[in-house]
Amino acid sequence: VGLKADLDKAAIDSLLREWQCPWCWTCPFTKPDSHPSNKHAKSIHEKVFVTSTVQSIVDSVIAENAKLTAMISHLEDRIGSLSSDIDSIQGTQNAISERVVKISDFEVHLQHHLLNQAALDQKIKAVQASLSTIQGDVIKLSEATPLHHTPPTMSPN
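In this note's numbering, the protein residues as written are 3 to 159.
Hint data in this document are derived by calculation from the structure and do not stem from the laboratory.
Among the clues, some could well be false.
Stated by the list, open to error - Listed next, the in silico BS3-like pairs over lysine-lysine satisfying Cα-Cα at most 27 Å (straight line):
1) K33 to K49
2) K142 to K127
3) K125 to K142
4) K33 to K44
With the hints as extra help, turn the sequences into a complete structure.
See below:
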């Protein structure tokens with residue numbers, strides 16, 4: 003049967019059994035390992051494997067980089083919050099230190115108070131000594147004069 007002849011379905015089916023599409027056709031015999039097509043297929047297979055391995059490594063590095071970037075931004079936020087908290091604590095500490103009386107200042111005030119108290123105690127002792135002297139004089143005077151003493155009267159002249 004020639005190609006210029008009329009082909010019917012039976013003729014075409016018989017041809018298709020023997021003639022296949024060049025892309026679908028496979029050789030019934032195995033090719034030797036040294037055949038260029040085997041070498042090319044092996045090279046392509048290795049390149050595809052290496053490329054897919056490299057791509058999976060790149061993908062995992064990108065994913066890890068994204069995780070680290072998120073972690074770093076979270077840490078930066080926390081550091082910013084921490085620095086504002088430190089500033090707030092420093093301000094509070096300064097306000098407290100202005101209001102708190104130092105122990106040395108308290109000791110000075112206490113010594114001043116004790117010195118004033120000692121001076122007052124000395125004055126009180128001096129006044130008590132004077133009072134006891136006056137009291138003794140009053141007692142002696144009251145014993146020397148009678149209780150119902152009438153004052154002298156003056157005569158009219």
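Hint check:
| no. | hint | in the structure |
| --- | --- | --- |
| 1 | K33 to K49 | 21 Å, holds |
| 2 | K142 to K127 | 22 Å, holds |
| 3 | K125 to K142 | 26 Å, holds |
| 4 | K33 to K44 | 13 Å, holds |
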